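Peer 1: Take a look at the letters that make up each chain.
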Amino acid sequence: MTYVRPKFRHPELPKNKLGYSVDYYEGALSTLCAGCGHDSISAAIVQSCFDLNIEPHRLAKLSGIGCSSKTPAYFLSNSHGFNSVHGRMPSVATGANLANRDLIYLGVSGDGDSASIGMGQFVHVVRRNLNMVYIVMNNGCYGLTKGQDSATADMGSKNKSGKTNLFESIDLASLAIELGAGFVAQSFSGDKSQMIPLIKAAMNHPGFAFINVISPCVTFNNNVGSTKSYDYVRQHIEATSTIDFVPEMAEITTKYEEGSTATVKMHDGSSMVLSKLEENWDPTNRHSAINAMQSAKERGEILTGMLFVDGDSQDLHHVIQTSDTPLNILTERDLCPGSIALEDINASLR
Amino acid sequence: MIDVQRSGPSTGMPTRTQQSDVLEAAYASHGDTKHILLFPSTPRECFEMTADAFDLAEQIQTPVIMLTDLDLGMNDHLSEPFVWDDNRKYKRGKVLNAEELDKIKRFGRYLDVDGDGIPYRTIPGTHPTKGSFFTRGTSRDEYAAYTEDSGAYQKNMDRLMVKWETSKSLVPKPFSYPTNKGNACGILFFGTSTYSSEEAMDMLKEENVFVDAMRIRAFPFNQDVNAFIDSHETIFVIEQNRDAQMRSLLMIELQASPQKLIPILNYDGMPITANQIFKEIKQHLTNTK
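Those sequence lines, one after another, are chains P and R. Here the first sequence is numbered in the numbering used here, starting from 8 and rising by one per residue. Here the second sequence is numbered in the numbering used here, starting from 11 and rising by one per residue.
Quick caveat, the hints were computed from the structure, so don't treat them as lab data. No experiment lies behind these values; they were computed from the predicted model shown. Just so it is clear, CB atoms sit at the ideal spot from N, CA and C, and this is done for glycine as well. Certain hints may be false.
[To be verified] Which residues of chain P face chain R? A partial, calculated answer using Cβ under 10 Å:
#, residue
1, 13
2, 72
3, 85
4, 91
5, 349
Let's have the full structure, built from the sequences with the hints guiding it.
Peer 2: Set out below in structure tokens:
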């Protein structure tokens, strides 16, 4: 079957502050299966970038290998993209970010790419607090190779052939909190209204921002007995809060009930307003967040929303004190110590 | 990338030296792949080649591997002082800025505009509407779009071959030792085999055996290496590995005759000695008289 996406768009599509309509943020036609959760996440990324008035050429999109890692081709076609080696997106993102700190870095990965082959890379990019948004499109299976269980498949979950997973699952969100991530959220690909503010807040977070999105695989992991099917997730989802992202300068107009909200100030003056649904849980407290997630797991629930945020997070550049000017525009004058410095080295070896 | 070679396979003798990553580095990765290699032989050359490697990597838009070894990387050496030209400029290669992009109708990341196999590149964030592209490991067309079209794939593979040819004139040339012309034998060596090879030449000279010599400094091989092999009846290839890897590389890349290339090999983990080279050359020349 040959199909093309019509180029026609409504002439009166609303434009953002830059004068772009939302289609300017779209990408090529997706080749993922119809109904794939990943496409909804791509759509949420497109909407978030449109809303935030991001200039596409100031954003770099990176990924590894897998169904999830194919998605950067399906959003932001005017941005630079890098489809790296399997599980190695964090290294490429680290290199790119160190070279030019002024771009927005959006990494997309999957449960195979991050929790198996790229686990070593994942944990280190978290602990280094690289300023990037890291989205895992988590479907608990290897969709690209016909649906084998991945390391995030829950113990006891059944795959399409009816086989039960015997091994403990890796919970990437809890792991990220334990490793010191300053922004950890969880969402569901079927909940765009929750995903968009989370992505926007993540893009404004000055450091590593992790969003684990449960994204059912319609072809290989949407069966009865799977804990990552649409039906299961919808029945077991528990939102920690509703979330509002309030950009800098914008007035908070939404009314919240006294005592039920938590406002988290971001470094650039923007803020996040969380309406808490879970009692005895503080999104700015690491212990509290981990406890809430462990309790939810015991109940068989999937906790979504903003799980943990550190408003004082300082990214890798701040920690290692690099220059404010991006390294990739420094010249010989700035970078090369020259022959006088070399003469000192020669002298020290005599 | 700097590979301080030591004996293998695997961890091998971790505190001993060898030149045994030559073939691995030359053809690393799957598919039809070749990499640029640099072979320094002294601490000063390590310093200079490292700076050159950055320039080459940006000019040719490819990783450059410098193959040093444990002898050079960890043992103490007497070295000439390092020098730096303060007027030296970084060679960034073909990078388009915003004004240049404006003049182009359509930017093609893998489009061979100049016919040297090296296309133009852009740095992310340069221009609002032009110059962004998607880097991917898969096959792609000249405009960086995914394709499985056979013609587009082959065209790109052929372009990479053109680029390989171009790089032959950009990498460091081999070093020729001035000797009397007309010698029937030549010796080829690289890296830390240099010291012993030079000493062996002196030892041979004392016995009135004269050989021409060339030190290889880079892969792909410069035309001079080809000419050196062609102009001698016998070439001794001196290296520190079991499998005569540089000799294989010369055979594969220059179609040099295996009969002509006589391996002199050391792979006991210690640096090759002048005595060994001297003895093996003499032995061979005596046997073939």
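Peer 1: For the hint on residue 72 (chain P), does the least C-beta distance to chain R fall short of 10 Å?
Peer 2: 8 Å, holds
Peer 1: Given residue 13 (chain P) was flagged as interface, is its beta-carbon under 10 Å from a beta-carbon of chain R?
Peer 2: 19 Å, violated
Peer 1: So, residue 349 (chain P) near chain R? Judge it on the closest CB pair being under 10 Å.
Peer 2: At 5 Å from the nearest chain R Cβ, residue 349 (chain P) passes the 10 Å test, so the hint holds.
Peer 1: Measuring from the C-beta of residue 91 (chain P) to each C-beta in chain R, is the shortest one below 10 Å?
Peer 2: At 8 Å from the nearest chain R Cβ, residue 91 (chain P) passes the 10 Å test, so the hint holds.
Peer 1: The hint names residue 85 (chain P) as touching chain R; please verify it with the least Cβ-Cβ distance against 10 Å.
Peer 2: 6 Å, holds
When the structure is compared with the earlier hints, a violation turns up for hint 1 alone.
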